[in-house]
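Peer 1: Given the structure of chain A, go ahead and fit chain B onto it with the hints provided.
In order, the protein sequence lines correspond to chains A and B. Under UniProt numbering, the letters of the first sequence match residues 1 to 437, in that order. Under UniProt numbering, the letters of the second sequence match residues 1 to 318, in that order.
Just so you know, the hints here were simulated from the structure itself, not pulled from any lab data. No residue lacks a Cβ here, since even glycine has one placed at the ideal position from N, Cα and C. Warning: the hint list may mix true and false statements.
[Claimed, not checked] Using C-beta positions, here's what the derived DEER-type ranges look like:
| # | chain 1 | residue 1 | chain 2 | residue 2 | range |
| --- | --- | --- | --- | --- | --- |
| 1 | B | ARG158 | A | GLU25 | 44 to 50 Å |
| 2 | A | ARG331 | B | GLU56 | 58 to 64 Å |
| 3 | B | PRO10 | A | TYR341 | 55 to 61 Å |
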Amino acid sequence: MEDAMILNKSSVERGMFHGQIYQTETIDLSEQSRKSDRGRSSFRRTVTDKSTHSHIDADGLPYVGQMICPGDAYCSIYNEVTNMTRNMVKKGTEPVYVDYVAVDVKNKKNLQKVNIRFRHPRNPVIGDKFSSRHGQKGVCSQLWPDVDMPFSGTTGMRPDLVINPHAFPSRMTIAMLIESIAAKVGSLNGEFIDATPFASSVADPNGDSTCESELLVDQIGSRLKKHGFNYHGVEVLYSGFYGTELPCAIFIGPVYYQRLRHMVSDKFQARYFIISLLFAYIHQVLCPVNQGLSILNVFQVRSTGTVDQVTRQPIKGRKKGGGIRFGEMERDSMLAHGAAYLLHDRLHTCSDYHVADVCSLCGSILTTTFIQPQQRLVREISGLPPPRAAKKVMCQSCQTNEGMETVAMPYVFRYLAAELAAMNIKMTLHLGHGAGA
Amino acid sequence: MDGASYQRFPKIRIREMKDDYVKFELRDTDASMANALRRVMLVEVPTIAIDLVEIEVNSSVLNDEFIAHRLGLIPLTSERAMNMRFSRDCDACDGDGQCEFCSVEFHLRAKCMTDQTLDVTSKDLISSDHTVIPVDFSDSAGFDSSEQRGIIIVKLRRGQELRLRAIARKGIGKDHAKWSPAATVTFMYEPEIHINEDLMESLTLDEKRGFVESSPTKVFDIDPNTHQVVVVDREAYTYDDEVLKKAEAMGKPGLVEIYAKEDNFIFTVESTGVIKASQLVLNAIEILKQKLDAVRLSEDTVEADDQFGELGAHMRGG
Chain A
1 MEDAMILNKS SVERGMFHGQ IYQTETIDLS EQSRKSDRGR SSFRRTVTDK
51 STHSHIDADG LPYVGQMICP GDAYCSIYNE VTNMTRNMVK KGTEPVYVDY
101 VAVDVKNKKN LQKVNIRFRH PRNPVIGDKF SSRHGQKGVC SQLWPDVDMP
151 FSGTTGMRPD LVINPHAFPS RMTIAMLIES IAAKVGSLNG EFIDATPFAS
201 SVADPNGDST CESELLVDQI GSRLKKHGFN YHGVEVLYSG FYGTELPCAI
251 FIGPVYYQRL RHMVSDKFQA RYFIISLLFA YIHQVLCPVN QGLSILNVFQ
301 VRSTGTVDQV TRQPIKGRKK GGGIRFGEME RDSMLAHGAA YLLHDRLHTC
351 SDYHVADVCS LCGSILTTTF IQPQQRLVRE ISGLPPPRAA KKVMCQSCQT
401 NEGMETVAMP YVFRYLAAEL AAMNIKMTLH LGHGAGA
Chain B
1 MDGASYQRFP KIRIREMKDD YVKFELRDTD ASMANALRRV MLVEVPTIAI
51 DLVEIEVNSS VLNDEFIAHR LGLIPLTSER AMNMRFSRDC DACDGDGQCE
101 FCSVEFHLRA KCMTDQTLDV TSKDLISSDH TVIPVDFSDS AGFDSSEQRG
151 IIIVKLRRGQ ELRLRAIARK GIGKDHAKWS PAATVTFMYE PEIHINEDLM
201 ESLTLDEKRG FVESSPTKVF DIDPNTHQVV VVDREAYTYD DEVLKKAEAM
251 GKPGLVEIYA KEDNFIFTVE STGVIKASQL VLNAIEILKQ KLDAVRLSED
301 TVEADDQFGE LGAHMRGG
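Pulled out of the complex, with its shape left as it was, chain A reads as follows (with noise of 0.2 Å):
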């Protein structure tokens, strides 16, 4: 994809992009007591289970350097008034590490208000964000085997990261091919350089330059080659799976780069909309459903989980659990790969799938009503379950039943036709038979 990298697995694993995130929970006590007014409570674990008893220490506080997993209780409440003891249970898709824990001793008597400090390991994974300091901003897309890297003939090095060429004619981030090439000659000469704008990085600081040319790159690749490096700062690599040269040299160099904040652990939801996807699509080919209207407003998409009350289509929102939006792109792409039966599977079975009475005398889809069987009361009393009697469905309009067919629609539709309807405006349905009609 677009601007995406390859890391070093075993720079990775010896340390390299590490990190953690902090993060606090704050419990309070009389905060909670005061809203709720439901008496004191105390932090004490229960005696009677002792299942939780690995994760809480006998103050009803969780040991520090303990690991919790998502679903593990890790602080325990007592209320004194119901004399019931609460877990306080921890959320998320990823175990945690309890870092440390405060108490705040300023209310003497007993313990009102803990700060609960939880480390999350955050060490690279495909899909984390890295950056250099000239906006070269990218995505891990591998960790590749530092055996399988390409290496150097003349010193062996490795690359730990190697990114895409193309990400540097639209973007013009010069800075970052001279901070490559400065950061060579000043690491084999194990001093810095000076990268003051509009000023010579390594001139003498009299004035007399040593070099002819007055450019600093000219300047830096005179020193590299005293150096026995190549002036423009390519090397020769050699392929790390086959041994052989590769067919061109290859820019490299030390960049300084960081860790964005964006990684994937965050932004779950993806993952399980692809899975999803194949699922349904799957589930698509083996039992293919009667075709209805499609209409093409279709908005997020998801198999299962809340749904607008308006649409009866999936929320948008990852906090909410919602879905990823299918839109007018990704559509059009479908289409041109002919894949109808999946686009149809996205935007009406999983999406908003509805079965419609619609009156064919009429062509309504808002008149249809249903009639309450009569007998169902005497059938309960006799003792007999209740036969699954077929739905009886009349046109209120048209006073009759006779027309009465069901089309499969999304339900976006029959919103439409609601809306239509409160302008003033009528909307028919011409039903016919077979395809094409």
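Peer 2: Relative to chain A, chain B alone:
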């Protein structure tokens, strides 16, 4: 073709050998073999490294995982590793890594009692096996050995304490970089440089000088007496094509011709110190042989024998 054998007998000539460094020539084989050797040296030669850490007390500034990671990266002397078992296929202990055949136990107890910062180093790790100890770099680094106290794990201030038990196991670099015995393994093709003397004589001395200086590494030089361009160190050539470009820029293409000898390699091996570099090469060859044996004995190869006929027999060393 009847009875023709494609088998070659590679030769090794050692040029330079130190404890943690070896340079040798590998002759009469091809890139696949050279690269296989490199790859085995990097990730398949077993070593011993700390794999399991049980932390009893840790009041230092670094958290438990951090210390465990640092412990894992400490090089341990691994001469024993080739004869040890992987803990996953150890019969004596059901693979839980608690027996002498597959694991080594370490203890570390450190507490700072003074106002001065206490460095907890690899020297503080007490091993249960005197053959597996943290690598001592003090003599090779050239520092005063009284000052050099091993690899720093963590620093403690007054009152801080670190107490832990660690289990070291045999492993290979493929599983985790901490088990890699090689710091650097690299090889290059031996270059063959031919100077076209007639064309070279047509150059002036200044042109010759320019030509010699066009190479970033010192491959060519000018003989002070005869003013002839001579090859002083052909192995310094890095295949950068600089001299060829220079020759072309001077309008004299074909001034020098440089070929890579396809079947001669110059290896440079640097060990991390866990085993001697020479031993690393020997172990790598041993493992490569074992891997080839596995191929030879597998059923697939027997089947393939029918398919390839003569070539199949050759593959099995016939």
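Peer 1: Evaluate each hint against the coordinates.
Peer 2: Now for the hints, and whether the structure bears them out:
Checking the proposed 44 to 50 Å range against ARG158 (chain B) and GLU25 (chain A) shows it is violated: the Cβ atoms sit about 31 Å from each other. For ARG331 (chain A) and GLU56 (chain B), the hinted distance range of 58 to 64 Å is satisfied, since their beta carbons lie about 60 Å from each other. For the pair PRO10 (chain B) and TYR341 (chain A), the supplied restraint of 55 to 61 Å holds, since their beta-carbon distance comes to about 58 Å.
Of the numbered hints stated above, the single one contradicted by the structure is hint 1.
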